[in-house]
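Input sequences plus hints: build the corresponding full structure.
2 protein chains.
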Amino acid sequence: MKKISISQRAANTPASAIRKLVPLADDAKKRGIKVYHVNIGNPDLPTPEPILRSIKEFKEPTLEYAPSSGMFSAIKGWQKFYRDKGCNFDLNDIIVTSGGSEGLIFAFFAIADPQDELIVFEPFYTSYAIIAAMGNIKLKPVRTYVKDGFHLPKREVIEKAITGKTRGIVACNPNNPTGTMYTADEVKMLADIALKHNLFIISDETYQEIVFDGKKVLPFSSFKKLHPQLIITDSVSKRFNSCGARVGCVASKNKEVMQVALRFAQSRLSVATVEQLALVPMLENHKAYLEKLKKTYQSRRDTVVRELKKIPGVTAVKPEGAFYIIPKLPIDDSDKFAAFLLTSFSDKKETVMVAPATGFYATKGLGKNEIRIAYVLEEKKLERAMELLGLAIKKYNKI
Amino acid sequence: MKKISISQRAANTPASAIRKLVPLADDAKKRGIKVYHVNIGNPDLPTPEPILRSIKEFKEPTLEYAPSSGMFSAIKGWQKFYRDKGCNFDLNDIIVTSGGSEGLIFAFFAIADPQDELIVFEPFYTSYAIIAAMGNIKLKPVRTYVKDGFHLPKREVIEKAITGKTRGIVACNPNNPTGTMYTADEVKMLADIALKHNLFIISDETYQEIVFDGKKVLPFSSFKKLHPQLIITDSVSKRFNSCGARVGCVASKNKEVMQVALRFAQSRLSVATVEQLALVPMLENHKAYLEKLKKTYQSRRDTVVRELKKIPGVTAVKPEGAFYIIPKLPIDDSDKFAAFLLTSFSDKKETVMVAPATGFYATKGLGKNEIRIAYVLEEKKLERAMELLGLAIKKYNKI
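Note that the protein sequences, when read in sequence, are chains R and B. Each residue of the first sequence is one higher than the one before, starting from 2 at the first, in the working numbering. Each residue of the second sequence is one higher than the one before, starting from 2 at the first, in the working numbering.
Worth flagging that the hints you see were computed from the coordinates, not collected in a lab. Check each hint, because a few of them may be wrong.
What the hints assert, rightly or not - Simulated crosslink set (SDA-like; lysine to any residue; CA at most 20 Å straight-line):
| no. | chain 1 | residue 1 | chain 2 | residue 2 |
| --- | --- | --- | --- | --- |
| 1 | R | Lys-57 | B | Lys-226 |
| 2 | B | Lys-4 | R | Ala-162 |
| 3 | R | Lys-4 | B | Ile-194 |
| 4 | B | Lys-31 | R | Phe-73 |
| 5 | B | Lys-4 | R | Glu-257 |
| 6 | B | Lys-256 | R | Pro-24 |
| 7 | R | Lys-4 | B | Lys-226 |
| 8 | R | Lys-30 | B | Met-72 |
| 9 | R | Lys-21 | B | Lys-21 |
| 10 | R | Lys-256 | B | Lys-4 |
| 11 | B | Lys-77 | R | Asp-27 |
| 12 | B | Lys-139 | R | Asp-114 |
| 13 | R | Lys-225 | B | Lys-4 |
| 14 | B | Lys-21 | R | Gln-260 |
| 15 | R | Lys-139 | B | Gln-116 |
| 16 | B | Lys-21 | R | Phe-73 |
| 17 | B | Lys-350 | B | Lys-396 |
| 18 | R | Lys-4 | B | Gly-165 |
Said to hold, decoys possible - From the derived model, a few chain R residues whose C-beta atoms are all more than 10 Å from chain B:
| no. | residue |
| --- | --- |
| 19 | Lys-31 |
| 20 | Leu-53 |
| 21 | Ala-113 |
| 22 | Val-158 |
| 23 | Lys-161 |
| 24 | Pro-282 |
| 25 | Lys-329 |
| 26 | Asn-370 |
| 27 | Lys-381 |
Model, not experiment: these values are computed from the prediction. Built from N, CA and C at the ideal position, the CB exists for glycine as well.
Okay, structure coming up:
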């Protein structure tokens, strides 16, 4: 008879490195310290007015289940969203999900059995590791480097990671946590690899429009031949400043994948009704909004990179998109350093909270001299946050 | 090299028997047929005014992520909800989930590895089967019968189903899909079995207050010794007529379980912010509301049972709670019959949509002469729906 205990898969599920620091931040605040939060991608920008208005105008007398695949208007909204990007999905090709995360669960579980492998580019979004652990799926990390601006390695390096168990490649473009936008050549290389080796591409497009300097992401959907192997996971969270709405989608022209995604979706009945409706106007019409959003983040990126370069010993390659950067710092242990910022450092009663990059690597020992910064603060605050970072590094290295 | 295909776990995931009928219902409506829906537990009753008001009054400028464990006020709300039932949870013992379904995913995955087994009482809620398939968990069905009002079998029968792989027992009280309320003796028996065999109890308490004739559920939490082995999954959907809010919780005094549930929760970041806030007033104060709700459903149950008994050849034992009943009908194939109702039957341009009970059984061949009725319509409509059912059985058996 087994003892009462949690499952092995639960024991293997990594804890979020960022969330572990939260109690330390709470303590600092209790001591009267002001904390600049660049540790998490929770944008400070206001949610677009049409979304908030639609929430306030919800008029149904009963808050009913939506269909498991999503409300008709929300599916139509995503359909238009992709059509505007040149990708024509049927209504059956799209399922509305509870944020991008649920789409990732559906995609991972739809294609990978226990012990199957998915290739990810390290550092990568922590949720990939948690979802994989829940499904007993193995992530096969292919490393990218600060010095290359976290761009992809050569084709041979990626192909070397493919085994008989590999079922797909997960690509987030532009990337969380690095801010890197993969070039057209890089996207084409991944599409080629997937076609040659019969792999799925899980394309996490959460940040896709947030790219700078007039650049544009080449979407995987532009490769017609890849369509049966392409699964898009997406979210309104970042592009429409609606993280708390929990609306995303999973989309694919592979009918078999969408059929099983729908079965998974039926197990949780539906996504919150009010928010599905609220997001429709932005899904249908967002050009001007996103143009402005890009400018805001581009200017913030320039500020962060400029200020980071002032700190001795820091390596930071200008990222092309999203709102993240992973600089290399002259420190020995980013977990210790991130805790130090909250427990043992302050300047004029202020400090900064960052995410140690170790949480974005699967390979033990990597990320120890890197942190992730999310530039989700106004520029004046970002300047001060980077100043605090520089002061803290000096103090940390003197101990 | 493997072909591009879905995973085996996805292929093994059962399709929802109810949802397959939806296109047939849509077709019937297009032909001008009025369809009485007793096929799904989507209550027709209005959502309580404090919930709708709170949604309209959401005032934050940015719709931010909530904490992964839930908003402080929502956790406090659930804490008070359980305290009022005599169960004292710490704040850390509760995680707010996206409906009851997400709580079930967290609970199943927290305790069971691939090939591990969970005991369920057949017929059971379809989502259990989907979630188990996603996690490669085996459900071990223990059968209950119409003639017994779907009450539990003898202790020996349940204990016979336990193997070295069994990790827990899933119990929904009162039950979806049967409406059966397990008696104090039955609850105690399950608690005893769990204690003796070191099994978890996953207690699905979605319908717990909806019980009739002055009865009251004995909660598993009343057994102190069971606390380290008890995981509650819960939802506001049915008791507060808020299915579309997608707010539930998972709660346990087993710290290890809650720690891994929190890790799972971190992968999906948070539950919709607006609805978490909106449900707080009802979680804290609902006595009068639930009293009225119970009366409404009790009266509907009486109507349905009375009308069912008028149909020749029907066996229906009066259920004690929830808003479901599974009668035995004089038919050969409930799937065929449910389709027949939508494609080949109508009376005065009206028909009724039911759920074939086959979808609630894991054992092939069971449920073929049973259907599930959800009494989520006004009584006049329920009377007519049962009349239509009687007429349809007559016609179906003449073909």
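> For Val-158/R, which was marked as not at the interface, is the minimum beta-carbon distance to chain B over 10 Å?
Replying inline: holds, 19 Å
> Holds or violated: Lys-21/B with Phe-73/R, Cα cutoff 20 Å?
Replying inline: holds, 17 Å
> Holds or violated: is the Cβ of Leu-53/R farther than 10 Å from all Cβ atoms of chain B?
Replying inline: violated, 7 Å
>> Next pair to validate is Lys-4/B with Glu-257/R; report whether the Cα-Cα distance is within 20 Å.
In response: holds, 13 Å
> If you draw a straight line from the CA of Lys-31/B to the CA of Phe-73/R, is it 20 Å or shorter?
Replying inline: With Cα atoms ~17 Å apart, Lys-31/B and Phe-73/R stay inside 20 Å; holds.
> Does Pro-282/R really sit off the interface, with its C-beta more than 10 Å from all C-beta atoms of chain B?
Replying inline: Its Cβ never comes within 10 Å of chain B, the nearest being 14 Å, so this holds.
> Between Lys-57/R and Lys-226/B, does the CA-CA distance stay at or below 20 Å?
Replying inline: Outside the cut-off at roughly 46 Å; violated.
> Against chain B, does Lys-31/R keep a CB gap of more than 10 Å to every residue?
Replying inline: Holds: least Cβ distance 15 Å, greater than 10 Å.
> Does the claim that Lys-329/R lies off the interface hold, with its Cβ farther than 10 Å from every Cβ of chain B?
Replying inline: Holds, since 26 Å exceeds 10 Å.
>> Against the 20 Å threshold, does the CA-CA distance of Lys-350/B and Lys-396/B hold or violate the hint?
In response: This hinted pair holds, its Cα atoms lying about 15 Å apart.
> Holds or violated: are the alpha carbons of Lys-21/B and Gln-260/R at most 20 Å from each other?
Replying inline: holds, 12 Å
>> Check the hint pairing Lys-4/R with Ile-194/B against an upper bound of 20 Å on the C-alpha distance.
In response: OK: Lys-4/R and Ile-194/B at ~14 Å, within 20 Å.
Going through the hint list in order, the structure does not satisfy hints 1, 9, 20, 21.
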